[in-house]
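**Q** Letter by letter, the chains look like this.
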Amino acid sequence: MPVVETEAVVLRTHRLGETDKIASLLTRSLGRCRVAASGAQRTRSRFGSALEPLSYIRAWVFERENRDLQRLNSAEVIESFFSIQRDYRIQVATQYLAEVTESFLPEREVNERAFRLLLAVLRALKSSGEVTRPLLYFNYWMLRLGGFLPHLNQCGRCGTSLGEAGAFYGQGSDGLYCAECRRPATPVEISRQARAMGETLRGSRLEDWLRRQEAPAGAKQLRLFLEEVIQTHLERKLVTRALLAEEI
Amino acid sequence: MKDYAEPLARLIEELKQLPGIGQKSAQRIAFHLERAPREDVERLARSLLDAKDKIRLCSLCNNFTDTDPCRFCADSSRDHQLVCVVETPYNVVTVEKTREFHGVYHVLHGALAPLQGIGPEQLKLQNLMERVKRGEVRELIIATSPTVEGEATAVYLSKLFKPLGLRVTRIAMGLPVGSEIEFADEVTMSKALEGRREM
Chain F
1 MPVVETEAVV LRTHRLGETD KIASLLTRSL GRCRVAASGA QRTRSRFGSA LEPLSYIRAW
61 VFERENRDLQ RLNSAEVIES FFSIQRDYRI QVATQYLAEV TESFLPEREV NERAFRLLLA
121 VLRALKSSGE VTRPLLYFNY WMLRLGGFLP HLNQCGRCGT SLGEAGAFYG QGSDGLYCAE
181 CRRPATPVEI SRQARAMGET LRGSRLEDWL RRQEAPAGAK QLRLFLEEVI QTHLERKLVT
241 RALLAEEI
Chain X
1 MKDYAEPLAR LIEELKQLPG IGQKSAQRIA FHLERAPRED VERLARSLLD AKDKIRLCSL
61 CNNFTDTDPC RFCADSSRDH QLVCVVETPY NVVTVEKTRE FHGVYHVLHG ALAPLQGIGP
121 EQLKLQNLME RVKRGEVREL IIATSPTVEG EATAVYLSKL FKPLGLRVTR IAMGLPVGSE
181 IEFADEVTMS KALEGRREM
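Chain order of the listed sequences is F and X. The numbering used here applies: residue 1 is where the first sequence begins, and numbers increase by one. The numbering used here applies: residue 1 is where the second sequence begins, and numbers increase by one.
Calculated directly from the structure, the hints in this document are not laboratory data. Here the structure is a predicted model, which means the values were calculated and not measured. All the pointers check out, no bait thrown in.
DSBU-like, lysine-lysine: derived pairs with alpha carbons at most 30 Å apart:
#, chain 1, residue 1, chain 2, residue 2
1, F, Lys126, X, Lys159
2, X, Lys16, X, Lys52
3, X, Lys159, X, Lys133
4, X, Lys52, X, Lys124
5, X, Lys97, X, Lys124
6, X, Lys124, X, Lys159
7, X, Lys124, X, Lys16
8, X, Lys54, X, Lys97
9, F, Lys126, F, Lys220
10, F, Lys237, F, Lys220
11, X, Lys16, F, Lys237
12, F, Lys237, X, Lys124
13, X, Lys162, X, Lys191
14, F, Lys237, F, Lys126
15, F, Lys126, X, Lys162
16, X, Lys52, X, Lys24
17, X, Lys159, F, Lys220
18, X, Lys191, F, Lys126
Whenever a hint applies, use it, and build me the whole structure from the sequences.
**A** What follows is the structure, encoded as structure tokens:
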């Protein structure tokens, strides 16, 4: 039973019995996995604050093959995101990141790019205090890395270039539709400006993009559309999405 | 063929629904009850139903109680202008054990946890707001857990109640008594430094 040392981000934790916790981690070298942390609920737990949601930690995991649940031997904090989550708006945003990451990435599949994306977006939330742009960047790149990013300039049904014309989507959409192909179920219009932002997102690093003044017009429109696409691919409602809509 | 007689299997299934009880524990409890005298089992069943029928939420503080208002809210020797806000009814017991607190309580029945779909709407705040608006509260001590969820709840409450002219305080966070500084992580240590006091 080898102990594996890996960097990880804590996605969420559940209570297990009276003193233990189960933590869902996105690790650098084991992919997404679940670990049992014995005694983690105790006041004087050896894990301290390392298992608080979205902590970036160094974890030592007893790896047992063919087991769903691994055992967490110890953990230490590399970077904490505890303080930023005191703001409820940021807390909702960070837990949205955790929910999407946990639902989107398969278990035990190493994904270095997704790991770096999550960490970069958390750092952007911490440094900027802004929510819209980091979340938009996360949605865009999560879909792109997963191979689910729809065409932003082409109708998902007839393939026509959307050009200057409006594009539409609705609940359950996984792409955009032109005015000809739109149905009553796709009532939300998304501007050309919002769609053009896709190009910027593909070519920019998050920190460079955040250096520009405030979130450009259309950023929220595009973020909401990409959220819908993520939810469509997950085939279930994201719990944090409703709270996100209320706050941001 | 089933492993157990149907009533026993049903009992095990019901016990398994309880928090912290798995298959093995459920079996153990079920067999214990089967072997116990009938009057012991009847007493247990009666106390379960009694608790279910008689326990409700205090209309002032949301604590579990069999009388309304609860014994804390009805106690005139307590300082009713000092309110300690906690997440769950068993947190009341934890604070009471200190014998240091002589105010009253307010139980939120949760903390802000977006991943579980718990937002401000789900917290039981209405009767606290009413108490505050009636001018019955001088200070709120926020005693939510020192977790991300507890902290976010504390900040939310402070933003909600401070503008109404109340003193809003937060219980101290930092090193637990009996621990060693060398094992403290950066978050715990920084909270301990932040909450330092003059000696």
